[in-house]
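A.B. asks: Line by line, the protein sequences give chains A and B.
Just so it is clear: in the first sequence, position 459 is 459 by the working numbering, and no numbers are missing.
Just so it is clear: in the second sequence, position 90 is 1090 by the working numbering, and no numbers are missing.
Misleading hints may appear alongside valid ones.
Computed cross-link-like contacts, DSS-like style, restricted to lysine-lysine with a CA-CA straight-line distance of at most 27 Å [said to hold, decoys possible]:
| # | chain 1 | residue 1 | chain 2 | residue 2 |
| --- | --- | --- | --- | --- |
| 1 | A | Lys-427 | B | Lys-1283 |
| 2 | B | Lys-1113 | B | Lys-1146 |
| 3 | A | Lys-196 | A | Lys-415 |
| 4 | A | Lys-415 | A | Lys-427 |
| 5 | A | Lys-415 | B | Lys-1188 |
| 6 | B | Lys-1188 | B | Lys-1146 |
FYI, nobody ran anything at the bench for these hints, they're computed from the structure.
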Amino acid sequence: MDVNADAGAKGPGIPARSHRGILRIKESILKSIWFLCAIFAVVTIFFILVFLFWDGYPIFAQVGVWNFITGMTWNPTGNPPAYGIFPLIVGTVLVTIGAMVISIPLGIGSALYISELAPARVKAVVKPAIELLAGIPSVVFGFFGLVVLTDWIRVTFDVPSGECWLAGSILLGIMALPTIISVSEDAISSVPREYKEGSLAVGANHWQTIARVIVPGALSGITAAIILGMGRALGETMAVLMVTGNAAIIPSPIWNVLSPIRTLTGTLGIEMGEVAIGSMHFHALFGVAVVLLLITLAVNLAATAILGRIREKHMPAGGKKKKNILSCAIARSGWMGGVRNATPWIGAVLLTGVMFLFSGAGAAVLTLGMTGGFITTRRRISSRLVQKIAFALIALSIVVVLVILGIILWDIVSKGIGYISWDFLTKSPRDLGRAGGIFPALVGTLYLVIGAIAIALPLGLGAAVYLTEYTREGKITRMIRTGADLLNGTPSIVFGLFGFAFLVLYLNFGVSLIAGQITLAFMVLPTIIRTAEEALKTVPCSVREGSLALGATKWQTIRRVVIPPAMPGIITGTILSIGRAAGETAPILFTAVVFSQRFLPTSLFEPVMALPYHLYILATNVPGAQGNQYATALVLLMLVIAIYSVAIVVRHHYQKTLHW
Amino acid sequence: MADNPRITGYFVLGLAALLVLTLCLCGCTQAPADVHGNPASTATGGIRSITVTGSTTVLPIAQGAAESYMDDHADADIKVSGGGSGVGIQAIGEGTAAIGMSSRDLSADEMAKYPGLQVTRIADDGIAVIVNPANTVNSLSLPQIKAIYQADITNWKDVGGPDQAIVIIGRDSASGTRSFFTETVLEKEDAAPRMLEKNSNGAVTQTVAQTPGAIGYVSIGYLDRSVKGLDLMVNGNPITPTVANVKNGQYPISRPLIMITQGSPQGLAKSYLEFIIGPAGQKIVADEGYVPLS
């Protein structure tokens, strides 16, 4: 309340001299707070790396880094033990590539449909539906994959076992979709209307406008979306280990998508729990985590570098523009040309992905060839036909996404609804969860999510404010942004490992609520930073300039002019984070959860039950619990829907009051 | 451009409050850790509380016993969690739990690192070799199973079954069940690298149940109608994987399940362990499909 009074008094008028001094101190204090928030991500990633190295060092010392990475055999309990992780690295890379082939075309196609083609009423349904897809927990995906997908693959391709690379890639592709769609859609929607109008006014048709103006204009956001999606795919543990078979072999031949495969994350997920702590095998697993982290680091750095080059290459002469509060416009107009040639290929990849999904690799290669031929001859085809084909593909991609969502939801709802009752929601589990309810798990999940968001939101928003409003583009921002990207690419199981080694053991928190909350907060922090930053960037510079010109201080401008219109974007980011935090199993597996407890936790230092973990145990350890397992999945889903609905209403409210 | 200073004000205020809260939390970490120094058994407000953690094989017994024990003792709160044998031993060694569960013996490393650990045997367990119910094979000998797991036999027709490729399924390399299987059936040799690895008994059962050509191994507590447990040929006689056959020593692959405490168990941990090895607890062991102590 007094913040308002304060702002009102000093407001846009010209402050007295002494006031000005106080204001300046206040400004610099605020600035340093936001700086600390921003630097937090960098410190955390550095800390995680150091900690993992510390625990992984003995294996590197004994086996040697080179032998560890290039060794062809992973058999840590063999006689003699072999610690070669090359097959695991290959597995991780292949599964991620497969997932991206599926999710990038579908994701960008869907984002284009939602932001450009969809009638308002359709958009109002489709967009939340996609966000819902993000709320489906990985353990549910894994279970669905194990029961439905692998069986389908086994029958369709007539192979002895459906647990393979293809199953992992499809599942990961689906899981990366909501991230890619949501973030690219935000980026596409934030391309200024004038660009679109200008393009249409000079006679370009809608598709030409999309391909040559809107997509290039949103490229930085789309790239961010792909990096985020890739991070999700690289780091996913639970779903992958349930469907890829986990045989530590390299597919033969290398493109055999039906071969079983084992990823680095899967190795951590299935072996960490049982390993004797302090043994060479234990250190080898930390070595695996280090390699995993370094791979994500390399991928993210490469992506950042590529993005930077695109920007630099197409910057107008006269040097780099600095992104700060006064000139936030990056030279959008210049770097469209480079993308123009790539656009048809995006379409090609899109079609290929769809074909891959439906009829396997052979048809996909054929389609790619045909589309390639089409692209080379397309000069002779009328632009109207091109537009028709492009729109058909875009519509197809959104249909595919919605069908996938429908299948998964139908499976869970139809099999779970019969087991839901009031008692199920309000009672404790009995007989290992086969009977009774899930009340403590429900409450535990709420505690975990609330705690994680309470820690991550202020930090993330502070970091985003610092990055967009206070700094020039330079070494420090690059470092912070890289830190956030790396943190985002950090696999959830690595957070779990770190939380276990650092919070639970080193700080002696024990397996506790607070350890889980902090671990989850680390995990969602980059999502919040990224999305909040995107949202703040969309606020036009002219608005900031207007506020500053009226004599408002920087902080007043940020607080009252910049943040309010950015709220929808910030809320979207928070929604995504809540969905992710509520559904993740890997980070809380060793840090926060117990399978059962009688009373609700009364302090932050007690362990809790959590819905995803409950489901994981029911799905993998309790025979004959299929009813309650589906019911738990359904409740988890409904919980996420409820959270989302509230957030969507709030966002809608803000959007209604926002007119540029 | 709509700007509502009031809402923004509250927002900033909330933000600041959260920041302060976060800082406080970070600041207080040391103090509660001291309070929490001995989390093995905490007594607050008349409620006695312990945490039991470790092997997923032992988890059904621990959980069943905890539910039953708490029915009789209103003031007891027994928290059970999984994670694996290694986690259980670690937790007990570091003092983050009162009781650890394990389906394997302590390794030499672990015994050296945590010298004071005391082991209580709570049940026995047989490892059943399972196939899909549609498979016509009913029994295998140990050498045949070994040949299958080392990919010397790759088709069911070579062991009297249908002409179908064998999909071998095993446990992760850190599993207690796997190390026991490797020791007794594979005679400490490695399985073929193309073996699919699963991280729990339930996941093995699940996969075997839906893969016609699959073979796997699980704790007999996890045998259910969705899979077929093979008889093992011992000296020409088929031995069915049942509790009775494990108990009388005829079934060749069995092992003890253990609970671990730091020194002698005290308080709630003590009476809970006594409950498990007592008649009511051993009945739960039998109900869950494991082998009670004789």
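A.B. asks: Below or equal to 27 Å on CA atoms is what counts here, so check Lys-415 (chain A) against Lys-427 (chain A).
C.D. replies: It holds: about 21 Å lies between the C-alpha atoms, which stays within 27 Å.
A.B. asks: Keeping to a limit of 27 Å between CA atoms, is the pair of Lys-196 (chain A) and Lys-415 (chain A) held or broken?
C.D. replies: Measuring from Cα to Cα gives roughly 47 Å; hence the hint is violated.
A.B. asks: Given the proposed pairing of Lys-1113 (chain B) with Lys-1146 (chain B), does the C-alpha separation stay at or below 27 Å?
C.D. replies: violated (34 Å)
A.B. asks: Given the hint that Lys-415 (chain A) pairs with Lys-1188 (chain B), test it: the Cα-Cα distance must not exceed 27 Å.
C.D. replies: violated (43 Å)
A.B. asks: Would the hint linking Lys-427 (chain A) and Lys-1283 (chain B) be met if the CA-CA limit is 27 Å?
C.D. replies: holds (25 Å)
A.B. asks: Would the hint linking Lys-1188 (chain B) and Lys-1146 (chain B) be met if the CA-CA limit is 27 Å?
C.D. replies: holds (11 Å)
The structure does not agree with the numbered hints 2, 3, 5 stated previously, though it agrees with the rest.
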